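J.: Sequence order for the protein chains is A and B. Everything in the first sequence is counted per the working numbering, starting at 1 for the first residue and increasing by one. Everything in the second sequence is counted per the working numbering, starting at 232 for the first residue and increasing by one.
It is worth saying that the hints were derived from the structure and are not from the lab. Computed from a predicted structure; not experimentally measured. Beta carbons: idealized from backbone N, C-alpha and C, even for Gly. Hints may contain errors.
Simulated coverage check for chain B against chain A, where a stretch passes if three residues somewhere in it have a Cβ under 8 Å from a Cβ of chain A [to be verified]: (1) 240-252; (2) 333-341; (3) 601-614.
Computed from the model, here is a short list of chain A residues facing chain B with C-beta under 8 Å [unchecked claim]: (4) I62; (5) D63; (6) S66; (7) G83; (8) T87; (9) N101; (10) V105; (11) L114; (12) L118; (13) L121; (14) K122.
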Amino acid sequence: MSEAPGQPIIRLRGVRKVYHREQTEVPVLDGIDLEIAENSFEALMGPSGSGKTTLLNLIAGIDRPSAGTIEVDGTEITRLSEGALATWRARHIGFIFQQYNLLPVLTAFQNVELPLLLTPLKSAERRQRVETALKIVSLGDRMDHYPRQLSGGQEQRVAIARAIVTDPTILVADEPTGDLDRKSAEEVLKLLELLQREFKKTIVMVTHDPQAAERAKIIRKLDKGSLAASA
Amino acid sequence: MVFLLLVVKSAFRNRLRSLLTAFGVAIAIIAFLFLRTVISAWHAGAERAAADRLVVRNKISIIFPLPTAYFQKVKNVPGVTEATWANWFGGVYKDPRNFFAKFAVDADSYQRVYPELQLPPEEQKAWMGDRTGCIIGEELAAKYSWKVGDEIPLAGDIYPGDWKFTIRGIYHPPQGSSIDKRTMFFHWKYLDERMPEGRKNQLGVVIVRVADVQQSTSVASTIDKLFDNSPAETRTETERAFQMSFLSMVSAMLVAIEAISGVVLAILLLILGNTMAMATRERTTEYAVLRAIGFRPSHIVRLVLGEGLVIAGTGVALGLGMAPAILRIAGQAFQRVVGAFLGSFVVQPGPAIAAVAVALLGGMLAAAVPAWRAGRMRLVDALRRVE
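Chain B with its partners taken away, still in its complex shape (with noise of 0.2 Å):
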């Protein structure tokens, strides 16, 4: 007990620089599990990807459409069992800033595709029955107090022009369903009518469910040889892959991420080595008056090991309890920066059991070279400093 003691009074002998040095490891992990939530919440959308579902895009890119023909050739591919499609419409609300997904949708293949997709029926009927109508979701609704019955304008940019829709339903996907909180649908044929001949019955993308997830593969690949050749060649992915190559195109910056979270760890080892190698120094003269008195080298070694831990542990409680509600914070100005696109900003178990693990381990480890070499030293010229 008085070990313990030793080693936690020890820890905070410094106290202004202890104290600093726990708020250092604090601020790591929460930059730590700041990029780590934006990385996870980036594949959040691919992570929740139905496994029975297929994309089929244009070949050449994304950006190209299908002629509405594909669709009824897809539909009846054999193991299809469902199909829908929807197109990006872009799009800006009032300033580029609020940015946030919007589709044109056929509402009722659509919604048998994402069954999860569901309204009150009230709200239902209303939609089904507005050409002009649309669905948002709940997060998209809070964020600019909508209500159902409001209007939504508009300036289009891949569609020119503007447009006007009506809000008739607020939809509630269940929790880990692959349908995002902050997307609105509208009617695709709304869209349609409005485009000139030579843009009409275009399809972003057709999206089917499987009904064996085993034969995917091999669906997928009947669908793409059946336009093989043709003006508009498909490719046919996993619901998963397509949000995946998403992904592709922010890779580097993903990557970039994954690197500063390694930094900000290494940073972590570096305030609190330091610290350790300060305070180890300093206390030459007690550690040797310890192994006069018989305690061993193994003791002084655990005593130093000990005040790293109970420094980065302290540092992991002053993290961990700030994290979330800084996270919140962050996350909502990131958000506003970087768009809808990302998935919800919440502190996710898994950076956080990485972030205490590795901030209590670097704690020892940034411990083990000054408590090595206060262990090894001699005693006889660590005394003579004494006096």
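Chain A with its partners taken away, still in its complex shape (with noise of 0.2 Å):
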């Protein structure tokens, strides 16, 4: 059963992007206009080089387009300094990322703890919110592993509590189940679909998988920088 599209939390207008090699411009994106709705799940596909990542780089603000505007949430942020661009990332954007990215030297409960230390919470109320974000992802019961003792799958699972710890409205996944199996991949997707459902986050994902972009509500396929159609 498909549900009603929410008001549009990201909006980008004419937003274009070139980067610079040497003396060449190499143009990325051409003139996006794209509206995404609150709540909805949706997936940004096409072939390598067609400037998904880059969108999705945009979108949560940490690249920053060479024309157009982007807002999100209410909030123009081309606009933003670098610091209050951090600041904002902090508080509306969970990443996670193709290669799951957790720092070695600490464990699950750490890694997903980090973004939290940029918050005026306690000790115990951070503690509370990790324990809460890892339940989650079902691995209440792996805390105090390091990323080394854990699966492809679970290390992805950590990555996402670490997304989800902050309560951010806004999740931007690259690829998300890029390095995993069939079975891993299914249980992330799963898992974004619930965080879209029951928690009522917007998902935005790159992916290359048909199969992973079928699990998405709408999906955007980009070539040459261009967006050429969404289902």
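These two chains come separately, so use the hints to put the complex back together.
T.: Here you go:
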């Protein structure tokens, strides 16, 4: 059963992105207009070099457009300074990377706790939140394990716990199942669905995997820096 | 707490490299402390010199003597309260490497000018009653396991011939005294009587105490004026200046040692800088991820600086922990080569504090450039390395 789309939480207007390689300009995104609704689960697909990761980075506020505006949850993030953007990211964005990117010297608990260090929460409150996040991803019994003691799927679930522990509005996932076997990928995708459905997160996921993309409510396709179609 | 934990754990991510770096820092600290200790040991005598003592010597050079007649004239100068004399004997005990200072002195007046040169009454009496008797410092006695009653045979060089002395006392100068604990004193009369006619009645230096330290310069000037245009003109200077004139003979070496100690610190910085540069480069990914989840560039800078501080701090702890034992061994070896000119070979608080400060500041300084670069990296570029 399809749900009614919410208000747009992400708005891109005329977004261009050009990279400079020595003297050459390499256009990556060309005049993207895009609205992503609140509490939606969208997939960005496209061939390598089509600009999908760049688009994800722009939405997440870790890159700046060459032209155009990006408004996320009422804030035009293109106008924010680096420091303000970092604070904004900490509050609004949860990142899920293809290679999990957990810090190997910290336990699962400590990895998940990292984003909370930027908040004024006390230790007991942080502990409660971390435990909750790890329970959501079904790793309540792996809190003291180091990343090397976990499987790839478990590492990605710890990364998801790290992404949701601050209760961000938006989750951005760059090939979250790219390094996982089918079973683990399935678990991660189920988890993302749960987060969208039960915890009302807006999820934007870049993927090459058609099976993964099918779990999204909307699939947008990028080709040569332009949005081709959505399904 | 987690941030601190992250700093410490990150610092020892590559355990072997970090420990080797910490050992490098420790060795640099020990080398620095050793060199500074050599310098301070060399200056120790001058620093302990009494302000109220003046040394009168031949103006041409210390190796030229003064006539004994000068002694009474010097003693009569207004402002002089006590006077004595001493001759550098030289001499070899079995092997030239067994170096220690030996002075022929007028015991009675010498102990008035150097009241810290005290003996137990029975030893004092024995020394005064034995023409060939000598007294030695406690460290010299310990070094050769000498005790009262032992004989010290010496082969003369400045004063040729075979000499035999009987130890009549072992002195224990108080802490901070200018009296060295590895020196031998014997009666000047014994030396003088064995000299041929042309070398009799010669004094090495005359040492005086003055009533008023403020008048030292004018007293020195008065003494030197007494002997202007005489066959043996004098140069009178404070005991400290006299000691420093010996240091000037090795000043080039001391300057070189100072320079090397600076180079050691520079090497310390390079060791740390190299490690920090490698560590930050390897962890670009992690810094990018931390930045992506909301950490500011200043957090990354603090993280990298903290790592530098932790590694340097570990090196400091290792260095200071090992330094006393290593310096004691190295000092003994060094003194065997250089001789007893050196003062006590112990780690001084000043150089130790300097080494700690330089290492810790150096740790942060060495991490500063990698930290600055890590803080300034473009997030999207750094993340691209991840993929």
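J.: Look at each hint and say if it fits the structure.
T.: Hint check results:
1. 240-252: holds (count 3)
2. 333-341: As far as the segment 333-341 of chain B goes, the hint is violated, because 0 residues have Cβ atoms under 8 Å from chain A.
3. 601-614: Coverage by chain A holds for the segment 601-614 of chain B (3 residues, Cβ < 8 Å).
4. I62: Hint on A/I62: holds, closest Cβ of chain B at ~5 Å, below 8 Å.
5. D63: 4 Å, holds
6. S66: 13 Å, violated
7. G83: 6 Å, holds
8. T87: It holds, given that the least Cβ distance between A/T87 and chain B is near 7 Å, below 8 Å.
9. N101: Holds, about 4 Å.
10. V105: 4 Å, holds
11. L114: Holds. Min distance 7 Å.
12. L118: 5 Å, holds
13. L121: Check failed: Cβ of A/L121 comes no nearer than 12 Å to chain B, outside 8 Å.
14. K122: 12 Å, violated
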